[in-house]
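2 protein chains.
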Amino acid sequence: MSLVVIGSVAFDALETPFGKTDKIIGGAATYITLSASYSVKPVKLVAVVGDDFPQSDVLLLQEHGVDTEGLQIKEGEKSFFWSGKYSTDLNSRETLQTELNVLADFDPIIPDSYQDCKYLMLGNLTPQVQRLVIQRLVNRPKLIVLDTMNFWMDVALEELITTIEMVDVLSINDEEARQLSGEYSLVKAARKIMAMGPKYLIIKKGEHGALLFCKNKVFFAPALPLEEVFDPTGAGDTFAGGFIGYLAATDDISFDNMKRAVIHGSAMASFCVEKFGTERLVNLTKEEIEARERQFAELVNVEPISIEA
Amino acid sequence: MSLVVIGSVAFDALETPFGKTDKIIGGAATYITLSASYSVKPVKLVAVVGDDFPQSDVLLLQEHGVDTEGLQIKEGEKSFFWSGKYSTDLNSRETLQTELNVLADFDPIIPDSYQDCKYLMLGNLTPQVQRLVIQRLVNRPKLIVLDTMNFWMDVALEELITTIEMVDVLSINDEEARQLSGEYSLVKAARKIMAMGPKYLIIKKGEHGALLFCKNKVFFAPALPLEEVFDPTGAGDTFAGGFIGYLAATDDISFDNMKRAVIHGSAMASFCVEKFGTERLVNLTKEEIEARERQFAELVNVEPISIEA
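Which chain is which? The protein sequence lines are A and B, in order.
All residue numbers for the first sequence refer to full-length UniProt numbering, where the first residue is 1 and numbers rise by one.
All residue numbers for the second sequence refer to full-length UniProt numbering, where the first residue is 1 and numbers rise by one.
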């Protein structure tokens with residue numbers, strides 16, 4: 001089923017306790033589309049880069065089944081750039097540099113061939129731009145998923161709330177859920193946020209898993225305890241891409257299927273953090289992904305008590 | 001199956017963002033025995049209090065099926081006292097006052113009627129005293145579970161390690177696992193700690209659930225997302241009491257049954273935090289406990305994909 005993804009396609013420079021990178025391909029939409037591409041093809045990308053963005057990276061996306069018709073390449077301009085440094089325990093990060101460049105006046109153009117969009121993933125961006133994409137689609141998609149971050153809560157809260165009202169699923173982390181709702185209890189926070197509009201709320205808790213809320217129902221997907229976490233960059237976007245990719249591929253938006261989509265997204269994210277940037281994400285096999293999903297099932301599996309017991 | 005519990009029985013004075021208490025009954029062994037008593041009776045207690053400890057609180061324990069023959073009451077001495085204040089988000093606490101009193105020279109006496117001990121729970125105490133209990137049992141119990149805390153890692157690491165070597169299950173929190181092993185990754189930490197002796201390791205992560213490790217196997221039990229957390233005091237001890245109570249009642253120490261014990265312990269802990277101190281823990285029904293265990297199962301339950309899908 002037709003999946004459209006909007007978000008940043010950019011350069012990142014990363015520093016973790018395990019090493020550092022020069023400018024490498026990054027951005028929310030990069031992680032989302034790559035992750036989703038393991039479930040469904042094509043993944044129709046709406047994004048903007050400068051003419052400094054290597055053709056080889058565009059090809060990399062295309063080879064993964066990403067439709068780049070909606071990727072604008074601005075002559076004479078530079079791509080969005082972010083550099084950051086992670087703390088020793090990888091639990092916090094400091095932004096060293098942010099250059100908006102082409103993102104400063106991003107006008108998302110939706111190609112006609114994208115108008116069949118049934119699943120829309122709004123990756124982290126200015127809420128105004130996210131909303132513009134919804135407005136420029138002739139028919140409302142069957143499902144709209146919005147990912148955002150605390151930055152927009154700080155600088156554009158009203159715009160963000162207006163955008164949140166228009167979506168079906170909101171995906172944020174625990175601190176953001178607390179900030180947005182003003183409630184410490186995630187159960188209370190979820191109730192308040194769903195009252196803002198979204199029928200479903202995903203609260204990402206990083207190494208502590210993810211919660212999926214719908215009305216009074218809640219589902220919890222653990223994160224896999226990992227031997228090594230190398231670089232958390234893009235984990236949340238990879239999760240979101242796996243989530244919406246799974247839903248688009250199965251075309252089933254029941255709560256039960258959303259649970260499976262959350263587990264699939266968690267499995268995809270668990271690969272992402274094993275290497276720098278998108279390195280692990282570009283070379284996965286179906287078998288590896290399925291094996292990891294089985295590990296997730298095993299992790300919480302309890303055998304029923306046998307009759308003899 | 002015969003269960004013996006050692007640990008502190010004490011007074012706590014608690015301050016949380018939701019209120020404060022005067023001296024109320026507390027201590028690791030209080031929470032452990034009360035929690036275990038919902039699975040198995042009697043729970044044989046080894047502890048020491050001063051003559052300031054109210055007879056009504058001894059009766060309260062007895063009414064829950066706690067055998068207090070091993071509870072020493074020291075004339076002219078005072079019970080252990082701890083007071084603490086929790087941060088706004090309940091995630092950290094400050095010790096305001098610690099008075100060791102009778103615990104300073106606690107010599108744990110094991111009544112003859114306790115020598116049939118098959119399940120031994122060593123609640124948080126000086127590692128030397130915990131070890132003494134093992135040594136004073138004529139036959140080694142079938143299962144020894146040790147709970148401890150970072151304080152002993154700071155002030156008595158060698159003693160603690162000698163005690164850890166002697167037990168089957170170690171129960172600590174994530175920060176303590178990292179401190180004890182020197183590893184940030186909990187998978188690596190678990191491997192190092194199990195190499196110290198215990199066949200099983202439980203890593204408690206508070207509101208983020210608990211992990212159970214055995215060799216290369218790992219099980220994760222989520223914590224229930226709660227509407228209100230009122231007072232986290234005793235949650236870890238309540239978990240441990242539920243865990244060993246369940247094992248003693250079922251007399252099955254297979255990994256599969258330990259998983260069920262972890263879920264039962266998590267359910268018991270989820271009640272504990274709903275009120276101050278032991279308030280919620282002294283008035284539970286079997287039905288409430290079973291209903292909560294079903295909520296835990298529901299929380300991670302994924303329906304298999306239907307054939308039509």
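Just so you know, the hints here were simulated from the structure itself, not pulled from any lab data.
None of these values were measured; they are calculated from a predicted model.
Careful: at least some of the hints might be erroneous.
All copies of an identical chain are treated as equivalent in the list; a pair is satisfied when it fits inside any one copy or across any two copies.
With a straight-line cut-off of 30 Å between C-alpha atoms, the simulated DSS-like cross-links for lysine-lysine are [stated by the list, open to error]:
#	residue 1	residue 2
1	K85	K192
2	K259	K23
3	K192	K142
4	K275	K142
5	K275	K215
6	K20	K215
7	K20	K85
8	K217	K78
9	K23	K215
10	K78	K188
11	K118	K199
12	K23	K74
13	K217	K259
14	K217	K20
15	K275	K118
16	K217	K23
17	K85	K205
18	K20	K199
19	K205	K217
20	K23	K199
21	K259	K78
22	K259	K74
23	K286	K188
24	K215	K142
Hint-by-hint comparison with the structure:
{"no.": "1", "hint": "K85 with K192", "verdict": "between (33 Å within a copy, 29 Å between copies)"}
{"no.": "2", "hint": "K259 with K23", "verdict": "neither (35 Å within a copy, 45 Å between copies)"}
{"no.": "3", "hint": "K192 with K142", "verdict": "within (24 Å within a copy, 49 Å between copies)"}
{"no.": "4", "hint": "K275 with K142", "verdict": "neither (34 Å within a copy, 44 Å between copies)"}
{"no.": "5", "hint": "K275 with K215", "verdict": "between (37 Å within a copy, 26 Å between copies)"}
{"no.": "6", "hint": "K20 with K215", "verdict": "neither (43 Å within a copy, 34 Å between copies)"}
{"no.": "7", "hint": "K20 with K85", "verdict": "within (9 Å within a copy, 41 Å between copies)"}
{"no.": "8", "hint": "K217 with K78", "verdict": "neither (45 Å within a copy, 49 Å between copies)"}
{"no.": "9", "hint": "K23 with K215", "verdict": "neither (43 Å within a copy, 41 Å between copies)"}
{"no.": "10", "hint": "K78 with K188", "verdict": "neither (43 Å within a copy, 42 Å between copies)"}
{"no.": "11", "hint": "K118 with K199", "verdict": "within (17 Å within a copy, 51 Å between copies)"}
{"no.": "12", "hint": "K23 with K74", "verdict": "within (19 Å within a copy, 69 Å between copies)"}
{"no.": "13", "hint": "K217 with K259", "verdict": "both (11 Å within a copy, 24 Å between copies)"}
{"no.": "14", "hint": "K217 with K20", "verdict": "neither (42 Å within a copy, 33 Å between copies)"}
{"no.": "15", "hint": "K275 with K118", "verdict": "neither (32 Å within a copy, 47 Å between copies)"}
{"no.": "16", "hint": "K217 with K23", "verdict": "neither (42 Å within a copy, 39 Å between copies)"}
{"no.": "17", "hint": "K85 with K205", "verdict": "both (20 Å within a copy, 26 Å between copies)"}
{"no.": "18", "hint": "K20 with K199", "verdict": "neither (40 Å within a copy, 38 Å between copies)"}
{"no.": "19", "hint": "K205 with K217", "verdict": "both (18 Å within a copy, 23 Å between copies)"}
{"no.": "20", "hint": "K23 with K199", "verdict": "neither (38 Å within a copy, 46 Å between copies)"}
{"no.": "21", "hint": "K259 with K78", "verdict": "neither (39 Å within a copy, 54 Å between copies)"}
{"no.": "22", "hint": "K259 with K74", "verdict": "neither (39 Å within a copy, 56 Å between copies)"}
{"no.": "23", "hint": "K286 with K188", "verdict": "between (38 Å within a copy, 27 Å between copies)"}
{"no.": "24", "hint": "K215 with K142", "verdict": "within (19 Å within a copy, 46 Å between copies)"}
In the structure shown, a violation is registered for the earlier hints numbered 2, 4, 6, 8, 9, 10, 14, 15, 16, 18, 20, 21, 22, in ascending order.
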